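Chemist: Protein chains in written order, with my numbering: chain R, 1 to 359; chain X, 1001 to 1272.
These aren't lab readings, by the way, just hints derived from the structure by calculation.
Just so you know, nobody snuck in bad clues.
Covered stretches of chain X (in silico footprint by chain R; criterion: 3 or more residues with CB under 8 Å from a CB of chain R, positions within the stretch not fixed):
id, region
1, 1164-1177
2, 1184-1198
Simulated crosslink set (SDA-like; lysine to any residue; CA at most 20 Å straight-line):
id, chain 1, residue 1, chain 2, residue 2
3, R, K114, X, M1185
4, X, K1182, R, A113
5, X, K1182, R, I80
6, R, K115, X, K1182
7, R, K272, R, E251
So these bits of chain R aren't anywhere near chain X, every CB distance computed over 12 Å:
id, residue
8, D79
9, L174
10, E234
11, E236
12, G273
13, Q301
Fair warning: this is a prediction, and the values are worked out from it, not measured in the lab.
Idealized CB from N, CA, C, for every residue including glycine.
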Amino acid sequence: MTQENQGKTSQEMIRLVDIHKEFEGETVLNRINLSIAKNEFVTLLGPSGCGKTTTLRIIGGFEHPTSGDVMFDGQRINDIPAYQRKVNTVFQRYALFPHLNVYENIAFGLHIAKKDSKEIKAKVKASLDLVDMPGFEKRPIRSLSGGQQQRVAIARAVVNEPKVLLLDEPLAALDLKMRKEMQLELKNMQKQLGITFVFVTHDQEEALTMSDTVVVMKGGIIQQIGSPINIYNEPENVFVADFIGESIILEGRFLEDCLVEFAGRTFPCVDKGFIPGQPVDVVIRPEDVDISADPAAAMLQATVTSVVFKGVHYEMLAETDQGQEWMIHSTTMAPPGQIIGMSLKPDNIHLMKKEVQGT
Amino acid sequence: MKRNWSLYPYILWMVVFTIVPILMVLYYSLVEAGGGFSLTLSHYARVFEPLYLSVIWRSILLALVSTVICLLLGYPVAMILASSPAKQQFSLIVLFVVPMWMNFLARTYAWMSLLETNGIINTFLGFFGIEPLSMLYTSGAVVLGMVYNYLPFMVFPIFTVLRKLDPSLLEAAEDLGANPLKTFMKVIFPLSLPGVLSGITMVFMPAVTTFVISQLLGGGQFTLIGNLIQQQYLRTYDWGFGSSLSIILMIIILLSMGLISRSNTNEEGGIL
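Next comes chain R alone, as it looks inside the complex (with noise of 0.2 Å):
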């Protein structure tokens, strides 16, 4: 189901086959459908309490789905325990082991292999070299700060050379400059590694920053599968639009092809399909909103409510004569109360079936 291939030849690594998984009664995953492929970097998106995190663990075995099949590599591994799966989990708190030092905890997986000791020694340095700690092999975990736990624990991951490296929410208890750091590592890291990446976050920047293929969830359903940019650019449903980035959601009305009525007037589109005079939601990016000083040549014209300064944009609040509010990222500030210009191109007005109340 990946959209895109980057031009490489998909093999399949992992399948999901109508996963359902019900927890006293509840459901919290329904009808997971997946294809992960081999060396892809899958990101697994959405609020808590979305699946996410269950999906992952049908992968790695810590739970076992109601009905559904979990293929891997071409197997159907439902019924194989976590501890003879060719994966290898990076826990959300690390996991580490608190009586063993980072040796003894990089070398668990080696050992329970039988590995031989020579060769247990030289690989353990080498992922400790990976991770960027070389030197710590006798150091207490105790003694470790957060970000280096998070290192060892990736370490004691990828020893072991798994196929597929799951990760749930690895770099959540990191500051934020760390984490940055970390995203671009582990990026760096899987293609270096040669390993599918299954990662598992809420928050949607990550998600777009490292993955090949994005995996929106939402109340145990997947909302859409697709590319970062596939992802930032058609969302398929306003949930998506609004989860990933910011956007403007306005009701508005299907008037013909590529001809769409919202804020009181008609746009030029580039939707097609729906059924003329069908209610549609419009979504538009902040930052695809174009502002001018001369309102009488614009679409729809505003008077400028409220400016934060963002960094690299502004983040403005304009009201329309039709009391709608709309935000706009800009890098050109209009004051407070200034009246200003605002126009869309065809192709940054979206249209989306409306959602059904509640869901």
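Chain R is fixed; fit chain X onto it per the hints.
Modeler: For chain X alone, kept in the frame of chain R given last:
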């Protein structure tokens, strides 16, 4: 330094009920019978007579056997308790604790009536034509009494440690390829060692000093060091010998505790 007045009641308590009695015992163990201040080591010399050494050895052996049995029985019980869901956990613990509310002596007498030649167990076996077994007044009965009475002291410290064990550590072990047995050996057991050690301490100490269990369930045959001390104080009025036995017993306990805490710090160094 600031004086912490709230400590004074504690210090007073310690002095009156611990330090002074120990000093008194030490005094009696070092002076000639009949009081006075003429120092002697004769009481200690008697402790090392073969007869008494065998009593000390038997006490340590029976206490060790009971401790090992308590550990073998108690660890699985603690695991079952720790892994049961919260609602059941409470009722299981209550079931486990309720017998402890009954008087220690009453419970031990109950075992006597169960084990004696015309007791309940033998009567029951008699229905199947089995000859009465002599179970009471054996070393087995003494060990049984110790295990029965002290098992909770093994279960609870282990249970407390296991309950606090982070379940994600077990998942991590499983994730790294460890089957349930290996997970137990390499993660669960090493991490539960503090509980195991305090359980061992809490069972071994009362077991090595008991005199009630050995008296009731062992009859006269199984004199332990506790019985010996009791006899010196209450029957033969040889306080000097009783005191020296008490001091020796304290030294044995201190040494074994020292050994245990030493092995604890060693374990911390490295398991793999």
